[in-house]
Structure formats: C-alpha cells, structure tokens
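Protein sequence lines, in the order shown, are assigned to chains R and B. Numbering of the first sequence is given in our numbering, commencing with residue 40 and proceeding in unit increments. Numbering of the second sequence is given in our numbering, commencing with residue -18 and proceeding in unit increments.
Be aware that a few hints might be false.
Claimed, not checked - Cβ pair distances, simulated, as ranges:
1) R:R123 x B:R10: 18 to 24 Å
2) R:H159 x B:Q14: 41 to 47 Å
3) R:P165 x B:M(-15): 56 to 62 Å
4) R:E46 x B:L25: 40 to 46 Å
5) R:L52 x B:D4: 31 to 37 Å
6) R:R127 x B:R26: 38 to 44 Å
7) B:G74 x R:P165: 36 to 42 Å
8) B:V28 x R:L95: 30 to 36 Å
9) B:A27 x R:G80: 46 to 52 Å
10) R:R127 x B:D(-13): 33 to 39 Å
11) R:R123 x B:M(-15): 30 to 36 Å
Keep in mind that the hints were calculated from the coordinates and are not lab data. Glycine included, C-beta positions come from ideal geometry on N, C-alpha and C.
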Amino acid sequence: MPLSDAELVARVLVDDDHHAFAELVRNHQSTVRGLLRQLTGSDVALADDLAQETFLRAYKNLRSFRGEARFSTWLYRIAYNCFREYARKRRELVGIDEEQLEREQDPQTVDPALRQDLMHAMSLLPIHERTAIVLCCQNGLSHEEASRVLDIPLGTVKTNVLRGREKLKRTLAAWAAA
Amino acid sequence: MTPMIDDETLDRQLRDAAPYIDDAGFTARVMSQLPARQREPRYLRAVVLLGLTILGSALAYVLSGRGRFVTEGVVELSNFPLWLLLVFVFGCGLLVGGAAVIFAIRKTPEVRDLARFRF
C-alpha cells in the first residue's frame, strides 16, 4: 500500500529518508510543474527550473510544514513564491512592468489560428485569473486553500475564479460558434 | 448563438485538458541537488534519549530518599475505598482518552475540517 504524504514527510524528518522524499517529488511533480508552466506561459525549461527550486526549498523547510494544510497546498505556495521572486527579478533586470505582462496576454495579439483548445484559452487569461483557475478548477483546491497559497483575500480568489470561468466560457462559446 | 457551458462541465474539461507531465528524470535531477544525508546513526537519538531517561530516573530515585514516596503513595492508595479507586481510574482513563482524541483531531486536517464545517 502506498504511503500517505504525512507518512512520507515523517520519514524524511525522522530518518532523513531520501527515498521517501523522492516518492513525494514523484507524486507531486506533475501538478507543480503544470502550475508553473501555466504561470510562465508554457516556458517548459523555466517552469522546470522553478519546480526544481520549489522541491529543494520544500526539502530544506520541511520542518516548517505542520500538517495543518495538505502537503500539495504547501508545495503550491512555495512554487508560487518561487515564481513571484523570478517575476520580480525579471522586472528589475529587464524593466518589464505589469501592463507589459498584461499586454503579452492580450487576446487581440494572439493568432486566431492557435485558438484551438482549452489550454490555449487559459493562456489568454490574465495571470491572476489563470492561477486561480489552475489551483481551484484543475488542481481541486478550495477557495480557502487557494487564498492561503496566493496570500490574497478569499473574496479576491472567488472573484478571480468567477471572472476566469466567465472569460473561458465566452471564449469557448465564441470559438464553437465560429 | 452557441450556449455557454456550465461550471461543472468547464471544470471537468479543464481537469481533462491538463496533461499528466511525465517525470522524465525530473525526480532524479531534484534528488541529485539535495544536500548529502546526515551520517548520524539512526539509533543514536534513541540511545541518547534512553540514557538520559535512565540517568534522570536514577537521580530522582536517589534524591527522593530511594523512592520512599512511591511506597507511601501506593500504601495510601490501597487504603482508599474500592468505589473511589474505580472513580479515580475511570476519571484518569477519561482524561487521557479525551486528550488523545483532541490531539488526533488537531493533527488530522481532514477530521479537523469535518469537525469545523459539518458538526
């Protein structure tokens, strides 16, 4: 029988069991890398670098995981913080501002021929709405859990999910009609 | 006009559309970056704890007049009426059981959430 996340975490903490940590990485690598790919606009190499940093930080700070939230929620929070730090550095180095990031995602600038599937429709959403949709709708986090991951008020998460859903529905309906 | 899909269908489609990302050596790369394992033997902590416990017990035994208070306590307890002993034992069991349940709930997020939202 496979061990639960809590049991694997306990093994890492008590025995510094690397096999147990490898099991945790294997269990969560897909969702963490998936979240980071969404955040980085499908930059696979960058997303994997950030995912690697996420798991290394998780290992170093495992003692601060107190089991109050799910292990995956705790990981998503680290992943999101890694991405935020990267985005901040990128803005400092290149001088990209929030408006420019938003323009990069502007649906008007994207080739209509590429609008073929749901994941592409996702890429058209502003980053805060996309992140909320990935966490709540794809990865099954509650609004409260997403609020803890993103460190924003619960109402803001609900609004972002609602707006993101509405935009996706409108986009999909428009494509289906075309 | 094409009707818009409902939330449930959209969420299901989103989950289905998210591909499972194959590990492809990712875990191995992460593991190769981890700091080296501590070489401290597994049993060292247990030996230290056990040694300190024995030392502490021996000190307590010597300093308390070779444990006379324990003998006196047992003698005093044996003079209690049977019903009082039963109440005492039952009360102790209840206290320990209650503490165990509270501790278990606090340490188990699923049960804690159930206790918070459903009851």
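Against the structure, the hints come out as follows:
1. R:R123 x B:R10: 18 to 24 Å: holds (23 Å)
2. R:H159 x B:Q14: 41 to 47 Å: violated (33 Å)
3. R:P165 x B:M(-15): 56 to 62 Å: Once the Cβ atoms are compared, 20 Å apart, the range 56 to 62 Å for M(-15) (chain B) and P165 (chain R) is violated.
4. R:E46 x B:L25: 40 to 46 Å: At 23 Å between Cβs, range violated.
5. R:L52 x B:D4: 31 to 37 Å: violated (24 Å)
6. R:R127 x B:R26: 38 to 44 Å: holds (41 Å)
7. B:G74 x R:P165: 36 to 42 Å: Since the Cβ atoms of G74 (chain B) and P165 (chain R) sit about 58 Å apart, the hinted range of 36 to 42 Å is violated.
8. B:V28 x R:L95: 30 to 36 Å: holds (32 Å)
9. B:A27 x R:G80: 46 to 52 Å: holds (51 Å)
10. R:R127 x B:D(-13): 33 to 39 Å: holds (38 Å)
11. R:R123 x B:M(-15): 30 to 36 Å: holds (33 Å)
In summary, the structure is inconsistent with hints 2, 3, 4, 5 and 7 from the numbered list given earlier, while agreeing with the others.
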